[in-house]
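Q: The residues making up each chain are set out below.
Protein chains: 4
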Amino acid sequence: MNQKSAPPQRASEAAVAGQDKETLLSRVWSPRTDLAVEAHELAHQRTAVDKTPLSGVTHQRQMVEGVEVTRIHVHNRDGAKAMGKPLGHYVTLFSPAMRRHDPEAHTDVARLLAEELQGLMKLPKNARVLVVGLGNSHVTPDALGPKVVERIFVTRHLFESMPQTVGDGYRVVSAVAPGVLGITGIETGEIIHGIVEHVHPDAVVAVDALASRSLSRVNATVQLTDTGIQPGSGVGNKRKVLDALTLGCKVFAIGVPTVVDAATIANDAMDLVLRQLADAVPGNGANAVFDPLSGQEKWLLIQELLEPMENNLMVTPKEVDQFIEDTADTLARGLNMALHPSVTAEEAAALSK
Amino acid sequence: MNQKSAPPQRASEAAVAGQDKETLLSRVWSPRTDLAVEAHELAHQRTAVDKTPLSGVTHQRQMVEGVEVTRIHVHNRDGAKAMGKPLGHYVTLFSPAMRRHDPEAHTDVARLLAEELQGLMKLPKNARVLVVGLGNSHVTPDALGPKVVERIFVTRHLFESMPQTVGDGYRVVSAVAPGVLGITGIETGEIIHGIVEHVHPDAVVAVDALASRSLSRVNATVQLTDTGIQPGSGVGNKRKVLDALTLGCKVFAIGVPTVVDAATIANDAMDLVLRQLADAVPGNGANAVFDPLSGQEKWLLIQELLEPMENNLMVTPKEVDQFIEDTADTLARGLNMALHPSVTAEEAAALSK
Amino acid sequence: MNQKSAPPQRASEAAVAGQDKETLLSRVWSPRTDLAVEAHELAHQRTAVDKTPLSGVTHQRQMVEGVEVTRIHVHNRDGAKAMGKPLGHYVTLFSPAMRRHDPEAHTDVARLLAEELQGLMKLPKNARVLVVGLGNSHVTPDALGPKVVERIFVTRHLFESMPQTVGDGYRVVSAVAPGVLGITGIETGEIIHGIVEHVHPDAVVAVDALASRSLSRVNATVQLTDTGIQPGSGVGNKRKVLDALTLGCKVFAIGVPTVVDAATIANDAMDLVLRQLADAVPGNGANAVFDPLSGQEKWLLIQELLEPMENNLMVTPKEVDQFIEDTADTLARGLNMALHPSVTAEEAAALSK
Amino acid sequence: MNQKSAPPQRASEAAVAGQDKETLLSRVWSPRTDLAVEAHELAHQRTAVDKTPLSGVTHQRQMVEGVEVTRIHVHNRDGAKAMGKPLGHYVTLFSPAMRRHDPEAHTDVARLLAEELQGLMKLPKNARVLVVGLGNSHVTPDALGPKVVERIFVTRHLFESMPQTVGDGYRVVSAVAPGVLGITGIETGEIIHGIVEHVHPDAVVAVDALASRSLSRVNATVQLTDTGIQPGSGVGNKRKVLDALTLGCKVFAIGVPTVVDAATIANDAMDLVLRQLADAVPGNGANAVFDPLSGQEKWLLIQELLEPMENNLMVTPKEVDQFIEDTADTLARGLNMALHPSVTAEEAAALSK
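Residue numbers (my numbering), protein chains in the order written: chain Y, 1433 to 1785; chain V, 1433 to 1785; chain X, 1433 to 1785; chain A, 1433 to 1785.
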């Protein structure tokens, strides 16, 4: 009966859990990140070391009303391989003010989000959209998707049963929170497939909580992509990708990092010490000393450190509950404006509570 | 934008709302009940008045460990018409002790429920079962279904990914809470169809909160049926029935009345006054006086009374929150034992919290 | 152990429960209302019957931006006796639009509430205020007070530990939700007394969910008073009144009706039938017929009707969860503006989520 | 208006925040622990280095039904100074099985907890007890105290209003959750003082979520003490201690570690690397290399690492929500049995849900 005692898990986590233990131990430590901006940074660092240029990826950054907007385009296989991310567009909004319970910052991000979503999705006026809230509504930092779904202005049933009541400028929108594998016993992808086959949307927009490798991006970043959803991506498992090919419609994703892996904190602490020591040792002596700790050995140390909780730990700010509420509100405002052109910023603010 | 202000509605309620107003006003008042035992009582009263026997229905009652168990079998069309209920079996457990936060009463009901479910479902050892929690998790008296789903011991993912970890005596169980039309914009039936087509269960068990026409049955009754689920049944709409024919597998339902319509209270108050007056008037004079109030006229009075809230009212005990938690616990215990023969009563009690 | 099975109760309800059963049965039915506007209507009806003028009470009504504002002043003992309410001022805002999830209506009510509160409280610039949220946070229609407390902008700790960070135009505000008797085992009044003796506020503002006798006022009415708080008022028990005399500071109350007693619905249904019948009977015959039902007899009928649930029932709209969230938001916005003159409407909207 | 954006804080955290920044930076890193067993380990390590015996402290460990029970007695000032903990008794139950959703483990801990509490409290038969649930009910890992309070079987109001209904073997018990400074604006200690002055208990039992310095103890440890409550203890501030002297009655505390500071993880990761390196360096060379990193320098590195979130981070298991529910249940069962000798284990299990 131990299986019930296992926590409700995200599809992606279950994927990791299902891996062979030996495979895990033979791995070289590499911090978990779901953000393209972080994958790009890491790829950039590697190319700097290897003296090989990073090709197949374009990267552009600008400030818009106090928000840092980064656009990354992975346009061929080389780029995808270097980044560890699929082909497509990644737009990232970064606004540390999101972490403050600051109404103006959230209003700005919601409006920018609506604009960027419209630019990315390029939906025809009468498109049908299904919003999918991924994650576990009972685990605070994972509840972002379900909380956004609750705030979406759904209209599909109105278009079907009383179309005369829906004005111009509204699209056919529906929304589901399919739950997580540990509670349903069903792969999230299977549930979404089943619903898509009945609802026939022109586009699916998935909303999910992500893991960042940097504390400074937690609850301060929104990532939009047109690349589909890859539960357990980067872990090399055979989980089904949800994208245009498999679902038969466009698939967009909106993600916000709400946690950092405890392993990332541990890794960063180790690196900081090693760098400090290297600085303290004159000449090239440092390398000799710190070599044993690169790669696999560091991974083993991290496993040893976090083993008492089976590495099943997350690092969150103490105010995670308020952050999730605020962010769900902001995402829903942006989505409601992007999906329904007739919804004004004021209406979106009221609808999305 | 008013549609959002409309409350999240149950499929069955939306069905009522969608009806033509004139149809509603031409109706003769008839209290809403989802319980076969109440439909049987009403049918019985009518046959007593008409002096015609109630045919096509068998009815049997017994006391089992302080719980009143009623078995009703609707075995032909006459019976179905008289009852206003589809052909099939209805088992009702009635235990007023369920309303007390009394551990023994709940344990007794859970065990009886497991036995009756097993008798009704007659599932083969290796059957695959999908539990569906109907209702809105954000409206307390409607949250019963989703709260049961959270407590179901799901195993389907374990059978798929690590079958060696699942012992004998466990069936392949999955569970979903599809949400309600007002929040998803999708008919609940469509979502269930989509999931069933991917999960291929041998049986679906739907759990739902019901309306009773009697206060004494609220939170004290569990009804089991093998007749499928009819969202908005009795309202004559074209909503799709979910049964063996449409879903391609057996469909069972477990329901507990958690509310009484305010209209039922109003109706009962009116009847009580009328009976009191009839007793006070000597001879046959009463009939003359009270005739104008039968049927349609009473319905109009009830509409007038409840109109300020658009008849969108429910009557619940003040402790509804505690009742729903206790009942969700009890139903989950019964279900976990019925679905997994290896689960003992003690394990069920622990699993179902 | 049955006491635990008793539901968490409001102080006022526990008071009723504690009464002698015979006293209850000897009562003439009189609908429960916590609203001065309803007490005034009833008093007015009685004086119309008795042909005696209603003295000691002034009553004034006006429309302000679509909101009906009623000001009732009970200025002597005659008025208090006729109304069944203590001396003082009662301001009622009535806006059916509050029941729609309509942002503008809520913004209007919040602003009006702030103005009326300021007019009623007449607080000096540096007054110290304690907000008290009465009610049970686990019973949805009773959770209004605790939900408002969560949204109050408290400053007392800032004034004490880092006064330089608090700008001009902020008062010293603290806020508590003391819980209910059934969960704490302590009279709410005792807890408030204890806290007041340590916090030394110049004014206490209590926020509470009320019972209305009219469905049309539920979730559409806000009542402000300067008369103190009388847990279980009108029930003739010896529960301590919380007012200027007992607490040593001004005591204001803000209340919103969120439920109607099931007994009120039953009573109204009976009256409707009786009136209908009286109209149908020619001449004065009606009185003869319906006399037996006045007063005590009707009360007994109501008891008989609701007995299965021990009269422990409430009637709420099905969307009660959304109403409570919206209303808590609106009350907190009004309070935050009234307590802190520097808080703008925009800041209040953001702070009070 | 930034103060509102500050998160709701525990009294103890606010104390840290209120400290002078320079004081913080001059500190030598020392991991945060609220557990006497961990303070004892640290003291023991220091005495091993200093070659001075640890005096004034007795320490005894035994296994009871699979649970490790440690009894620490700090019996003089030397011991208190060495431990950084006040004089008194500390009983710790350690059961890793608590982390599994395992009913038997929780039943065992609840029963042991009841026994140890009775042994520690030595309450007379008719003692009056006030249970205080510390912490913020809206921040999952801090909600333990309020969640226990909800499950306590309170009787004080029954003894006052209908003493004949309370059987033998029940004590006069009340329970409050006073909220946290960031939400009330009032020091928790002031609220407790105010309530104690009205309720006049013979003993206060405070329940609180703690921070551990070891992942293996999180959600697997219960600490009981008779030493009073020291909000912000060990941080050297002037916050009022709540103990027999200040409250005028016995003060017990029950605590369970639910988080580890992110700084502790970072520190441990650094130490692990340093130890690894020291092992790799032959002879005494290591000390020379790693000396720069002891003490203050490590503290600065940790600050640098965690600065983006202002060191306001916690590390929790991903299943924190389930752990808190299970543990609140277990603590309430133990408390209800210890406070009311007539409550059996079965009744406690049913009462405490």
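Read the hints as simulated data drawn from the structure, not as lab findings.
Some hints here could point you the wrong way.
[Unchecked claim] From the structure, some residues in chain A lie toward chain Y, with a derived Cβ separation under 8 Å:
1) 1481
2) 1484
3) 1555
4) 1558
5) 1572
6) 1706
For every residue, glycine included, the Cβ atom is placed at its ideal position computed from N, Cα and C.
Q: Compare the structure with each hint and give your call.
A: Quick rundown of the hints versus the structure:
| no. | hint | in the structure |
| --- | --- | --- |
| 1 | 1481 | violated (21 Å) |
| 2 | 1484 | violated (30 Å) |
| 3 | 1555 | violated (35 Å) |
| 4 | 1558 | violated (41 Å) |
| 5 | 1572 | holds (6 Å) |
| 6 | 1706 | holds (7 Å) |
Hints 1, 2, 3 and 4 from the earlier list are contradicted by this structure; the remaining hints agree with it.
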